[in-house]
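Engineer: Top to bottom, those sequences are chains R and F.
Note that full-length UniProt numbering has the first sequence beginning at 1, numbered continuously upward.
Note that full-length UniProt numbering has the second sequence beginning at 1, numbered continuously upward.
FYI, nobody ran anything at the bench for these hints, they're computed from the structure.
Yeah, the Cβ is synthetic: ideal placement off N, Cα and C, and Gly gets one too.
It is possible that part of the hints are untrue.
Stretch by stretch, here's where chain R covers chain F in the computed footprint (C-beta under 8 Å, at least three residues) [unchecked claim]: (1) 54–68; (2) 83–95; (3) 100–114; (4) 286–296.
Now the in silico label distances, taken between C-beta atoms and shown as ranges [claimed, not checked]: (5) F/K211 / R/G22: 55 to 63 Å; (6) R/L251 / F/G166: 48 to 56 Å; (7) R/W32 / F/S132: 19 to 27 Å.
Each chain, letter by letter, is given below.
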Amino acid sequence: MTGTDLRTDAAASRPLGALYAGNARSVMLRGWQATRSTNWLVVVSGFFEPIFYLLSMGLGLGALVGTITTESGQEVPYAAFIAPALLAVAAMNGAIYDSTWNVFFKMQFAKLYEGMLATSLGPLDVALGEISLALLRGALYATGFLVVMQALGLNLSWWALLALPAVLLIAFGFASVGMAVTSFMKTFQQMDWINFLLLPMFLFSATFYPLSVYPQPIQYLIQALPLWHGVELVRGLTTGQVDAGMLWHVLYYLVMILLGLVFTTRRLRTLFLD
Amino acid sequence: MPEPVIVAQNLVKKYKDFAAVDGISFEVAPGESFGLLGPNGAGKSTTMRMVGGVSTRTGGDLRILGLDPNRYGPEIRSRLGVVPQADNLDTELRVRENLLVYGRYFGLPRAQVARRADELLAFAQLEDKAKSKVDALSGGMKRRLTIARALINDPSILLLDEPTTGLDPQARHILWDRLFRLKEQGTTLLLTTHYMDEAEQLCDRLVVIDKGVIMAEGAPAELIRTYSSREVLEVRFGSELNADVAGRLKGMGDRIEVLPDRILIYSENGESELVRIVDAGLTPITSLVRRSSLEDVFLRLTGRTLIE
Numbered sequence: 001m002t003g004t005d006l007r008t009d010a011a012a013s014r015p016l017g018a019l020y021a022g023n024a025r026s027v028m029l030r031g032w033q034a035t036r037s038t039n040w041l042v043v044v045s046g047f048f049e050p051i052f053y054l055l056s057m058g059l060g061l062g063a064l065v066g067t068i069t070t071e072s073g074q075e076v077p078y079a080a081f082i083a084p085a086l087l088a089v090a091a092m093n094g095a096i097y098d099s100t101w102n103v104f105f106k107m108q109f110a111k112l113y114e115g116m117l118a119t120s121l122g123p124l125d126v127a128l129g130e131i132s133l134a135l136l137r138g139a140l141y142a143t144g145f146l147v148v149m150q151a152l153g154l155n156l157s158w159w160a161l162l163a164l165p166a167v168l169l170i171a172f173g174f175a176s177v178g179m180a181v182t183s184f185m186k187t188f189q190q191m192d193w194i195n196f197l198l199l200p201m202f203l204f205s206a207t208f209y210p211l212s213v214y215p216q217p218i219q220y221l222i223q224a225l226p227l228w229h230g231v232e233l234v235r236g237l238t239t240g241q242v243d244a245g246m247l248w249h250v251l252y253y254l255v256m257i258l259l260g261l262v263f264t265t266r267r268l269r270t271l272f273l274d
Numbered sequence: 001m002p003e004p005v006i007v008a009q010n011l012v013k014k015y016k017d018f019a020a021v022d023g024i025s026f027e028v029a030p031g032e033s034f035g036l037l038g039p040n041g042a043g044k045s046t047t048m049r050m051v052g053g054v055s056t057r058t059g060g061d062l063r064i065l066g067l068d069p070n071r072y073g074p075e076i077r078s079r080l081g082v083v084p085q086a087d088n089l090d091t092e093l094r095v096r097e098n099l100l101v102y103g104r105y106f107g108l109p110r111a112q113v114a115r116r117a118d119e120l121l122a123f124a125q126l127e128d129k130a131k132s133k134v135d136a137l138s139g140g141m142k143r144r145l146t147i148a149r150a151l152i153n154d155p156s157i158l159l160l161d162e163p164t165t166g167l168d169p170q171a172r173h174i175l176w177d178r179l180f181r182l183k184e185q186g187t188t189l190l191l192t193t194h195y196m197d198e199a200e201q202l203c204d205r206l207v208v209i210d211k212g213v214i215m216a217e218g219a220p221a222e223l224i225r226t227y228s229s230r231e232v233l234e235v236r237f238g239s240e241l242n243a244d245v246a247g248r249l250k251g252m253g254d255r256i257e258v259l260p261d262r263i264l265i266y267s268e269n270g271e272s273e274l275v276r277i278v279d280a281g282l283t284p285i286t287s288l289v290r291r292s293s294l295e296d297v298f299l300r301l302t303g304r305t306l307i308e
C-alpha cells in the first residue's frame with residue numbers, strides 16, 4: 001500500500017479544506033449514545049426547571065399581578081407574558097449547559113476532542129456535531145414547554161407554532177457562542193464567569209416585566225444583549241403580535257451563530273491541529 | 001525495496017524560538033516496526049503528532065503514505081491508528097460503544113464497525129468487558145482498549161506513543177504480546193518509548209533522539225554493537241565512595257561510566273573485570289554482570305541516562 005490511491009484530489013474538492021469531513025452526525029451519534037448510556041437523568045431534569053418557574057411565577061405571582069401591558073400595547077395575563085420569556089431562557093440554558101460545561105469537561109479532562117481529531121473528522125465536524133446536539137436538546141425542552149403552555153392556555157395565537165423554530169435559532173446562537181467562549185477557557189474559575197454573566201441576563205432581559213420600566217440608557221444596554229432579542233422574538237410569536245421588526249432579532253442570532261462557528265472552528269484547529 | 005510509508009526529511013517543529021524537533025530524517029518501510037527512543041522532552045511526541053497529521057511542521061518535508069499531511073490531513077488520518085500517550089477513551093460510553101462510536105468517526109458503515117468491534121474485543125482480550133464502564137477497567141485493559149480502538153479502521157500504520165508507560169510488568173508483557181501479533185500480521189508500527197527493553201522487544205529499527213535531533217539510527221542489536229561493549233559490569237560502593245573508587249578503576253574494561261549510584265564498566269567479559277577489581281583489593285557492596293542494552297547506547301551518546 002503506497003497510498004497513491006488516496007490522492008483522489010479530495011483536498012481540492014473540499015472547499016473548507018481539512019476543517020470539515022462532512023461527518024458531524026457521527027459526533028451527534030456519540031452524544032446520543034453517551035446520553036443513553038450515562039447521563040439521561042441530567043437531561044430529563046433540565047426539562048422541568050422552566051416549568052417550575054412558570055408554575056411559581058406565572059400562576060402564583062401572576063394571581064397578584066393580573067394583566068400586563070406589552071411593548072405593543074396589548075394587555076395579556078401575566079403568565080402569558082412570562083411564559084415565552086421562560087421558553088427562550090430554557091433554550092438558552094439547555095444550549096449553554098451543553099456547549100459550555102459539557103464542552104469544557106470534554107476538552108480539558110476527557111480529551112475527547114483530541115481523540116476525535118485523530119480520526120478523519122475535522123474541527124468543524126466536531127463543532128457542528130456538538131452544537132447540533134445542544135440544539136436537539138433545546139428543541140426537546142422547547143416542544144415540551146410549548147405543550148404545557150398550550151395546556152394552560154398561554155399560547156394566544158397560531159403564530160406560536162413558529163416559536164419552535166425561533167427557539168431553535170436562539171439555542172443555536174447560544175450554543176455556537178457558548179462553545180466558542182468555552183474553547184478559550186482554561187480554569188473552573190473562568191467558567192464560573194459565564195454563569196455570573198448569565199444569571200443577571202436571565203433576570204433583567206425583560207423576562208418578568210416590560211423593558212419600559214428601565215431608564216433609557218439601561219434599555220439600550222439590555223437591547224444589546226442576546227437574551228432580550230430571544231425573549232422579544234418568542235413573545236411576539238406566542239402572543240401573536242408579529243411585525244417586520246422581529247427580523248432584526250433573527251438577524252442578531254444569525255450573526256451569533258456565524259461568529260460562534262468561525263471562532264470555535266479556528267480555536268479547535270489551534271488547540272488540536274497546531 | 002518497497003516504497004516507504006513514512007518519509008521524514010529534515011523535519012522541524014518550532015514553538016516560538018524553541019525547536020522541539022530540530023531537523024530529523026528517517027524512513028519507515030511497510031510492515032516495519034520503527035521506534036523513536038529518547039528521554040522525556042526529546043521531541044518524540046511532537047514527531048508523532050506531525051506524522052499523525054495533527055500538527056503542522058515548521059520546516060522540512062514529510063510524506064505519509066505518499067501524501068503531504070499539510071494538504072491531505074483527513075485522508076492520511078483515515079489510514080492511521082493512533083494510540084496517544086495518555087488514554088483518551090470516552091468515559092461516558094461503555095467498552096464496546098467506544099469502538100463503535102470511534103469507527104463511525106471514520107465514516108465507516110455501522111455493520112462493518114460492529115463486526116470489527118467484536119473481532120477487536122477478542123484481540124484485546126476484553127470480550128467479557130464489552131458492556132463495562134471504561135473507568136472500571138484496569139490500566140492495562142484501558143491501554144488494550146485504546147489499541148483496539150486505534151485498529152477499528154484497519155489502519156496501514158499504527159502510531160503508539162509510549163504504549164506501556166505506567167503499566168505494571170505483567171500488563172506490559174500482555175501488551176507486548178498483542179503488539180507483536182500485529183507486527184507478525186504485517187501492520188506497520190511507529191512507536192516512541194523511553195524503555196530500552198520495549199524498544200529491543202518491538203523495534204526492527206530505531207532512532208535515538210535527544211533534544212530534537214537524531215543521535216544514532218539502526219537495529220537495536222546493531223546499535224548496541226556499535227556503541228557499547230558486549231557486557232556491562234555494574235558495581236556499587238556506596239554513594240560516597242563511588243567517585244573515589246572510580247579513580248582507582250582507571251584502565252579497566254573498554255570504558256567506565258560513573259553514575260551517582262553506581263559505576264558501569266563496559267567490557268567483552270564482565271566476570272573477568274570483576275575478578276580484576278577484587279584482585280585490586282576493592283570490595284563492591286553489590287555487583288552485577290549484564291548484557292549491554294540500548295540504555296547503555298543512550299548513555300554513551302548523550303552522557304545521560306534515559307530515565308532521570
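Engineer: What hint numbers does the structure not satisfy?
Structural biologist: Of the numbered hints given earlier, those the structure breaks are 4 and 5, listed in rising order.
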